[in-house]
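Enquirer: Hey, can you work out the whole structure from these sequences and the hints?
Sequences listed follow chains Z and A, in order. Heads up: the first sequence begins at 1 in my numbering, then just goes up one per residue. Heads up: the second sequence begins at 1 in my numbering, then just goes up one per residue.
None of these hints come from the bench; they were simulated from the model. Just so we're clear, the structure is a prediction, and the values are computed from it rather than from any experiment.
Far from chain A by the CB rule (all over 12 Å, computed), these chain Z residues:
| id | residue |
| --- | --- |
| 1 | Q11 |
| 2 | D135 |
| 3 | L350 |
Heads up, incomplete: computed chain Z residues facing chain A, CB under 7 Å, no partners named:
| id | residue |
| --- | --- |
| 4 | A384 |
| 5 | F386 |
| 6 | R389 |
| 7 | S390 |
| 8 | R391 |
| 9 | G392 |
| 10 | V393 |
| 11 | L401 |
| 12 | A405 |
| 13 | E409 |
Derived DEER-like restraints, expressed as beta-carbon distance ranges:
| id | chain 1 | residue 1 | chain 2 | residue 2 | range |
| --- | --- | --- | --- | --- | --- |
| 14 | Z | R352 | A | N52 | 11 to 21 Å |
| 15 | A | E116 | Z | Q379 | 30 to 40 Å |
| 16 | A | E116 | Z | E164 | 31 to 41 Å |
| 17 | A | D13 | Z | V377 | 28 to 38 Å |
| 18 | Z | P107 | A | E116 | 39 to 49 Å |
| 19 | A | G148 | Z | V377 | 26 to 36 Å |
| 20 | A | G19 | Z | V377 | 34 to 44 Å |
| 21 | Z | R430 | A | K15 | 35 to 45 Å |
Using N, Cα and C, we set each Cβ at its ideal position, and we do this for glycine too.
Here is what each chain is made of, one letter per residue.
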Amino acid sequence: MTAVDTKQDIQHWSDWKARMPKDWLAPAREAAMARFEALGFPTTRHEEWKYTSTAPIARQSFVAPSADAKVTAADLDRYLFAEQPGALAVFVNGRFSDSLSDLSALPKGITVMSLAAALESQRDVLEPHLTKHADYREHAFCALNTALFTDGIFVHVSEGTLVERPLHVLYLTTPSDDPTAAFPRNIYIAEPNSKVRLVETYGGQNGSVYFNNAVTEFVARDNAIIDHYQVQRESTDAFQVSTRQVFQTRDSNVSSHTLAFGGRLVRNNINTLLDGENANCMFNGLSVLRGEQHVDNHLRVDHAQPHCNSWEFFKGIYDDSSRGAFCGRIIVREDAQKTDAKQSNMSLLLSRDAMIDTKPQLEILADDVKCTHGATVGQLDDEAIFYLRSRGVSVDAARSLLIYAFAGESIGQVRIAALRDKLQDLLSERLHYGESLTFGRPFEYSDDFADLVRAADRRRET
Amino acid sequence: MLEITNLHAQIGDHKILKGINLTINPGEVHSIMGPNGSGKSTLASVLAGNENFEVTEGSITFNGKDVLELAAEERAWEGIFLAFQYPVEIPGVSTSYFLKAAMNAMRKNKGLPEIEAAEFLKLVEQKSKMVALDDRLMGRAINEGFSGGEKKRNEVFQMAMMEPKLGILDETDSGLDIDALKIVANGVNKLRGPDRSFIVVTHYQRLLDYIVPDYVHVLVDGRIVKSGDKTLALELEKKGYAGIIAESGAAQPVG
Numbered sequence: 001m002t003a004v005d006t007k008q009d010i011q012h013w014s015d016w017k018a019r020m021p022k023d024w025l026a027p028a029r030e031a032a033m034a035r036f037e038a039l040g041f042p043t044t045r046h047e048e049w050k051y052t053s054t055a056p057i058a059r060q061s062f063v064a065p066s067a068d069a070k071v072t073a074a075d076l077d078r079y080l081f082a083e084q085p086g087a088l089a090v091f092v093n094g095r096f097s098d099s100l101s102d103l104s105a106l107p108k109g110i111t112v113m114s115l116a117a118a119l120e121s122q123r124d125v126l127e128p129h130l131t132k133h134a135d136y137r138e139h140a141f142c143a144l145n146t147a148l149f150t151d152g153i154f155v156h157v158s159e160g161t162l163v164e165r166p167l168h169v170l171y172l173t174t175p176s177d178d179p180t181a182a183f184p185r186n187i188y189i190a191e192p193n194s195k196v197r198l199v200e201t202y203g204g205q206n207g208s209v210y211f212n213n214a215v216t217e218f219v220a221r222d223n224a225i226i227d228h229y230q231v232q233r234e235s236t237d238a239f240q241v242s243t244r245q246v247f248q249t250r251d252s253n254v255s256s257h258t259l260a261f262g263g264r265l266v267r268n269n270i271n272t273l274l275d276g277e278n279a280n281c282m283f284n285g286l287s288v289l290r291g292e293q294h295v296d297n298h299l300r301v302d303h304a305q306p307h308c309n310s311w312e313f314f315k316g317i318y319d320d321s322s323r324g325a326f327c328g329r330i331i332v333r334e335d336a337q338k339t340d341a342k343q344s345n346m347s348l349l350l351s352r353d354a355m356i357d358t359k360p361q362l363e364i365l366a367d368d369v370k371c372t373h374g375a376t377v378g379q380l381d382d383e384a385i386f387y388l389r390s391r392g393v394s395v396d397a398a399r400s401l402l403i404y405a406f407a408g409e410s411i412g413q414v415r416i417a418a419l420r421d422k423l424q425d426l427l428s429e430r431l432h433y434g435e436s437l438t439f440g441r442p443f444e445y446s447d448d449f450a451d452l453v454r455a456a457d458r459r460r461e462t
Numbered sequence: 001m002l003e004i005t006n007l008h009a010q011i012g013d014h015k016i017l018k019g020i021n022l023t024i025n026p027g028e029v030h031s032i033m034g035p036n037g038s039g040k041s042t043l044a045s046v047l048a049g050n051e052n053f054e055v056t057e058g059s060i061t062f063n064g065k066d067v068l069e070l071a072a073e074e075r076a077w078e079g080i081f082l083a084f085q086y087p088v089e090i091p092g093v094s095t096s097y098f099l100k101a102a103m104n105a106m107r108k109n110k111g112l113p114e115i116e117a118a119e120f121l122k123l124v125e126q127k128s129k130m131v132a133l134d135d136r137l138m139g140r141a142i143n144e145g146f147s148g149g150e151k152k153r154n155e156v157f158q159m160a161m162m163e164p165k166l167g168i169l170d171e172t173d174s175g176l177d178i179d180a181l182k183i184v185a186n187g188v189n190k191l192r193g194p195d196r197s198f199i200v201v202t203h204y205q206r207l208l209d210y211i212v213p214d215y216v217h218v219l220v221d222g223r224i225v226k227s228g229d230k231t232l233a234l235e236l237e238k239k240g241y242a243g244i245i246a247e248s249g250a251a252q253p254v255g
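Expert: Right, dumping it as structure tokens:
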């Protein structure tokens with residue numbers, strides 16, 4: 001593809017320029033739009049986009065979704081987990097829905113509202129952070145989102161507030177005649193010594209074509225904990241680019257889990273800046289793909305200070321002609337001594353046509369650090385299948401059990417029991433191996449992050 | 001109970017079994033001995049339904065059923081159990097979960113309801129004691145991080161849980177020290193009964209001091225070259241395989 005092609009690619013995006021909101025962010029939006037126009041959509045010649053072609057997104061014309069989509073509470077059911085979460089925020093086609101959301105059960109000390117509302121009432125909280133962390137200067141999708149976003153979720157947890165029950169944020173896209181595009185923008189700010197648990201679910205009806213270009217900025221202040229989950233259940237014809245930009249100061253803990261089941265073409269950019277001593281992050285991922293699905297998990301963990309721990313743990317199960325990509329870049333800056341960074345990418349290919357590209361990347365400038373990385377690609381183990389069958393387990397059940405076990409390590413990291421159950425259900429729906437999964441659930445999990453790391457270490461050593 | 005007639009099997013183009021004939025009646029313990037590469041483990045695998053091996057000739061019937069028509073799991077349902085020479089490690093599946101799944105699959109086939117949790121736990125406690133297996137291993141992934149001895153005891157423990165009609169032990173003694181060997185043999189002996197038969201595949205006569213067989217067969221180059229009672233094992237010990245092969249006039253295995 002040539003530079004000229006790139007220009008053509010964004011031509012039909014010029015209509016969108018007129019849709020840029022005229023709010024106090026206008027200078028940033030103008031700058032972001034200019035950057036988008038200069039950058040264009042990345043091509044596969046771009047090192048960071050080597051394994052994912054954005055051409056299907058660039059080629060497609062998208063319209064803004066209509067505002068009067070009819071969604072009832074019953075439509076939400078399939079996305080909710082068994083036990084009612086602490087609070088539910090629902091977005092329909094990128095807009096906050098007051099009638100479908102329930103934010104009444106929130107405890108004191110946490111503020112949750114639509115970003116559209118927060119732009120009006122929370123400017124002093126937003127101003128130091130919004131658009132300040134996610135880099136729109138170098139990243140076209142982030143630039144496009146920054147220029148055009150109108151809504152998303154705003155979460156602010158005040159100092160010392162511990163919110164145990166999860167907040168569930170649900171983004172629903174309804175079918176439409178023309179493909180639609182939305183630009184959800186979220187911001188999570190956890191003040192010192194606070195704790196919050198967030199689940200985002202992206203859902204849409206299979207067969208409908210749309211594009212969600214989401215950007216989320218996380219701010220974890222000293223000793224704050226953010227435990228975040230993104231469940232991707234987009235239409236199998238949908239495009240999604242999800243950028244998560246995390247900013248952490250000392251002693252903070254951030255985990256973000258990417259659970260990809262849906263979407264035709266999905267790119268997850270997950271970046272963190274560990275900008276204080278003893279900040280820890282964990283990025284867990286599980287992709288369960290089939291058909292023509294493509295999911296690219298692209299990480300950048302930046303160790304800027306000493307004594308920080310990071311852990312990337314991504315697994316994928318690829319059936320049919322689905323395709324995965326993983327790039328887990330870890331940067332250890334000169335001052336970041338005593339860094340402990342782990343990275344692992346494991347793939348299970350269930351079909352001859354399935355494919356995974358995996359690229360571990362370590363850039364280490366400090367000299368007293370511990371960094372490990374590993375990637376495995378495999379198929380179901382015939383020996384293990386025979387072993388199970390020889391004990392009376394049917395061949396279908398044996399296959400399912402092994403796939404389950406493979407996924408179990410990822411789902412086991414999920415610290416919300418009801419969500420774990422939901423994910424197991426989603427997984428068993430995906431395994432078309434008959435009645436085999438009715439006899440219970442094999443997963444074990446631990447609430448203790450350190451425990452999981454130790455277990456992973458043990459496995460590596462043996 | 002088990003009738004093997006003129007069994008030929010190969011892996012790829014490599015012919016391994018070249019006409020095995022063997023009849024086993026209920027309650028009998030048959031030992032299969034033989035040098036490395038003679039086909040002992042292949043015979044065990046073929047009986048259990050390992051699809052890596054192709055049966056090109058002959059038949060196997062078990063309680064009147066054509067075994068070669070049955071998938072591995074169906075053989076298990078009929079009561080054939082193979083204790084693996086190299087038990088497979090399966091990360092992510094706990095031993096107790098797997099055992100329950102296996103037992104329920106067997107029960108379903110017999111038209112029985114799923115096993116009650118309390119009954120299952122009682123069985124686990126009882127049978128794991130039989131082979132001195134630490135029941136904390138039940139919570140761990142199948143064979144993962146188990147010592148060699150624990151893996152072998154786990155096989156015999158599972159056999160005790162499944163209560164098969166035919167237990168096949170594929171070199172269950174290899175790699176065990178004498179104490180572990182006694183524990184494993186003792187577990188097997190407790191399972192012996194008028195309706196349960198065993199095929200004990202071993203490389204070493206030593207195991208047969210503890211599991212005393214009714215019959216001993218010497219397998220060389222894919223054929224049984226000599227059969228006898230337990231004294232044949234002792235004879236083997238004295239003369240070595242070469243001696244027995246020379247006496248039987250069987251062809252020396254090539255290369």
